[in-house]
Amino acid sequence: MPASPQRPIRIRFFAVLREQAGCATLEVATSAATPADLYRELQAGRGLSFRADLLRVAINERYGAMDAPLNAGDQVVFIPPVAGG
Amino acid sequence: MFELTDKPIDNAALRARLERPDAGACVVFEGWVRNHHLGQPVNELHYEAFDILARSEGDAILTEIGHRFTGCVVLCVHRTGALRVGELAVWIGAASAHRATAFQACRYAIEEIKRRLPVWKKEFHPDGAAEWVNCTAEATARGPQPADYYARQSALPEVGPEGQARLAAARVLIVGVGGLGCPAAVYLAGAGVGQLTLIDSGKVELSNLHRQILFGIDDVGADKAAVGAAALRARNPFIQAEALVTELTAQNARTLVAGRTVVLDCTDNFATRFVLHDACFPAGVPLVQAAVHRFEGTLDVFRRGAGGCLHCLRQNRGIAELEASAGSCAGGAVFGPAVGALGVMQAGEALKLILGRAGDETFQRTHLVNLLDCSMLAIAREADPACPVCGKLPSQMTLAPSASARESVVLDPGEIAALGNVCRIAQLDAGEVLDADRATAEFLTVPVDDVAQLRELIEKTEVPVILTCRHGLRSAATARLLRAEGRTNIYAQAGDSPVIHSTGPE
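Protein sequences appear in the order of chains A and B. Final position of the first sequence in this note's numbering is 85; the numbers increase by one with none missing. Final position of the second sequence in this note's numbering is 506; the numbers increase by one with none missing.
Bound-form chain A, shown alone (with noise of 0.2 Å):
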């Protein structure tokens, strides 16, 4: 099977999830499909203790869907449990 193409994605991460990726933006190259596949990524990578069944996630400033495709250059957003109010 022959290797997904690498793609550039812009990642913001907001309150528990920046402390504990240790940055508020990251950038990388990779092969996820999709922002459920990302987040396993990240997930490994970085000691991320959500599942990923908890979180939402935003493409591009909007809230989208974690199976949605990614295409290069999209800003991806994930969003943990949120306390507003």
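The set of hints was computed from the structure by calculation and includes no laboratory data. Ideal placement from N, C-alpha and C gives every residue a C-beta, glycine not left out. Among these hints, one or two may not hold up.
As the list claims (entries may be wrong) - To give an idea of the interface, some chain B residues facing chain A are shown, with a C-beta separation under 8 Å as derived from the structure:
hint, residue
1, 48
2, 52
3, 135
Unchecked claim - With beta-carbon atoms standing in for the labels, derived distance ranges:
hint, chain 1, residue 1, chain 2, residue 2, range
4, A, 68, B, 361, 37 to 47 Å
5, A, 65, B, 221, 28 to 38 Å
6, B, 66, A, 67, 30 to 40 Å
Unchecked claim - Chain B regions said to be covered by chain A (calculated; three or more residues, Cβ under 8 Å):
hint, region
7, 110–116
8, 121–133
With the hints as your guide, set chain B onto chain A.
Same frame as chain A, now just chain B:
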């Protein structure tokens, strides 16, 4: 207007911006930083926001409020940054003509903000410890799990994991969120039907509450479908419940039923019943229909290919007359548990259809339920080979040949004006009166349940007859009955009558 700010919130200035001469009520919610959380002392909070998405989501929430609570003006400001105990974290003000709308809009704003806005807070304790709210191991571990939610249902051998998956994949449309639709929706949501769509153009009225179990006193005046869908989401976080605040019409019915696993007819008028049936039947979408009159109800399940259709069933004109005189308007008398029982039975039939547990007999029976003598009777129902709708092969089926005739019976004011000289007859229920200033000269009146007297009046008139009743439903049914008897030139005025009022408490 929604704002995020890292500066202290000036609540007096915000309140002043809401002042307007047409507002009779202003409800303000202030979220304060308190000195404890889950039994732990707290001396500071840090709020962090995903700025762009928080602003767009905040704007989206306020736009939704604009659609749901007409005429209500809402301002909302949320803080970011470091806040001390006693500081304002969020300020919401809702100004409206009446207090009920202002309370509802304000409540909606804060609940949606807490649920959707990408804002997080970190608590700092006096001992130096700190934690992100809702993000601790305990908070995420104790979140509800679908397996626990459905445990008592999936333990049924007839359901099991496979049935639970079928339910999760099901898409169900509930038409009418009233006495039938409310209990039906509660059980379908509880069972885990993955996508529920509620359609109803009406608003919650005080006289609904004795039987419409999704609504409370604070919901009066709000859109039934929207309140109902929110209540279902609160009941079961694992399903999607959407609201369509609109009417089902001959124009949108086929689109709305397309792709549904099951459709529930929980309406209270025969025009909509036929439109819905005629959309479901050719599409092969099962339709679970219930109707209630006072203490009694009927339950039918229709699906193409078995047991006939609604047109076969309605060949009995005696039933039509009963319906026209029985009344289905909001003023109609109804025993709450009767609609409750029938709505719950509709949910049961829908779940059996989804689970593949409905046999042929499901489509070949009319069930009569009587709560006064606590009896049930199943009547065998067969397709009428001469039925103009289902008696033909599906490919030849011309649907609802009377549909266009039915629609032209109900006229809006412009269409009535085009008729020229007409005879207007108001059908009044007990406790209803005509607007004395305008109407007594223009309208003849008859009791709504006296079709015989109406026939006599009509015999004496040469010009087109326009029937009207308080909500337009019984007039439409009566006009269709009189047409079915061979009379022409009989019409009903569409919608609520502006000249008929209730004298009693509703």
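Hints and how they fare:
1. 48: holds, 5 Å
2. 52: For residue 52/B, the interface hint holds, since the closest Cβ of chain A sits about 5 Å away, which is under 8 Å.
3. 135: Result: holds, 4 Å to nearest chain A Cβ.
4. 68/A <-> 361/B: 37 to 47 Å: holds, 45 Å
5. 65/A <-> 221/B: 28 to 38 Å: Given about 35 Å between the Cβ atoms, the range holds.
6. 66/B <-> 67/A: 30 to 40 Å: holds, 32 Å
7. 110–116: holds (count 5)
8. 121–133: holds (count 4)
Going down the numbered hints, you'll see the structure goes against none, and every one checks out.
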